[in-house]
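> The chain contents come next:
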Amino acid sequence: MTRSIPMTMLLLWAGSAVAGQPSQTPTPAALWKEECAACHMAYPARLLPAESWKAIMAGLKSHFGTDATVDAPAAAAIERFLVANAGMRAVRSTGGPVPLRITTSPWFIREHREVAASTWKRPEIKSPSNCTACHTGAESNNFSDDLSGTSGGRRR
Amino acid sequence: MTHLIPLALATAALSIGGAVSAAAPREFLSRFENAARSADASFVPTAARGAAFFTAKHATAWSCSSCHTPDPKAQGKHAATGKLIQPLAPAAQPDRLTDPAKVDKWFRRNCSDVLNRECTPREKADVVAWLLSIR
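Note that the protein sequences, when read in sequence, are chains A and B. In this text, residue positions in the first sequence follow the working numbering: the first is 1, and each later residue adds one. In this text, residue positions in the second sequence follow the working numbering: the first is 1001, and each later residue adds one.
Bear in mind the hints are in silico, worked out from the structure with no lab data behind them. Beta carbons are placed, not taken as given, at the ideal position from N, Cα and C, and that holds for glycine. You may find that some hints are simply not true.
Straight-line distance between alpha carbons at most 30 Å, and here's what the computed BS3-like set of lysine-lysine pairs gives [unchecked claim]: (1) B:K1057 <-> B:K1083; (2) A:K54 <-> A:K126; (3) A:K126 <-> B:K1073; (4) A:K54 <-> B:K1105; (5) A:K126 <-> B:K1105; (6) A:K121 <-> B:K1077.
Stretch-level coverage of chain A by chain B, calculated; a stretch enters the list once three of its residues show a Cβ under 8 Å from a Cβ in chain B [claimed, not checked]: (7) 63-69; (8) 127-140.
Starting from the given sequences, assemble the full structure and let the hints guide the process.
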């Protein structure tokens, strides 16, 4: 019990140091929403393993063809947040590269095997990464809407 | 030397403004304009040059208008992901050009995507002059 007090103080201190302004320290979740939801939806942390998030955060300068750099303190906080909430599916230690995409994961391909190739390319869908085009609840982390019988398309 | 002091004060005021409250869009124009003037005293921000810069291709497949459209009052769409982007003109979207950290961050990222380098103070002053000229 005694250890928890200094620990809390340390966390508080670290928290205010991150933002440099103790008055309105954004939470790691708020930083994540701010920095990772500008160009696409904020992909839920549970959809990739910790190794993948670390690799993504290390490569923001050249992030899928765009510059997505974040200042160092915010990047550290976001990485801690993603790793703490990462999915349990560990990357198989086959020595291959760490996957950077959700959409190339075996589970993703399996769940979407009924979606026709032509559907992915529809202009309003554009790419499998555009979860919100089909899963209307994606922003609130809900992917279990029933899309069967919609030719893998939009249900509105 | 004398004009360095107001500049330093303005910069200090901006950074304090960023932490405590929002900055006014005009402050960005003075900031970029002053920075450009320190290299070329005759520089005057020009909206038409800003518009031309914004819609032209430079070093990559994208121009600024690839994501923001050529009309600063229109809603844009991210060229890679399709995500909607609110208009850039403060006249159409009041929170534009109010947060120094946000403005610096997006100039850094977007210029790197479009020009493969940072934008110069002249380019930023021209673009901001153009965005502010939209009513």
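> Against each hint, give a clear statement of whether it holds in the structure.
Comparing the hints with the structure gives:
Taking the CA atoms of B:K1057 and B:K1083, the gap is about 21 Å. The hint holds against a cut of 30 Å. A threshold of 30 Å between alpha carbons decides the hint, and for A:K54 with A:K126 the separation of about 27 Å falls inside it, so the pair holds. In summary, the hint linking A:K126 to B:K1073 is supported, as the alpha carbons are separated by about 25 Å, within the 30 Å threshold. For the hint pairing A:K54 with B:K1105, the CA-to-CA distance comes to about 22 Å; that is within 30 Å, so the pair holds.
In summary, the hint linking A:K126 to B:K1105 is supported, as the alpha carbons are separated by about 27 Å, within the 30 Å threshold. Between the alpha carbons of A:K121 and B:K1077 the distance comes to roughly 17 Å, so the proposed pair stays at or under 30 Å and holds. For the region 63-69 of chain A, the stated coverage by chain B holds: 6 residues have a C-beta nearer than 8 Å to a C-beta of that chain, and at least 3 were required. With 4 residues bearing a CB less than 8 Å from a CB of chain B, the region 127-140 of chain A meets the requirement of three and the coverage assertion stands.
When each numbered hint is compared with the structure, no violation occurs for any of them.
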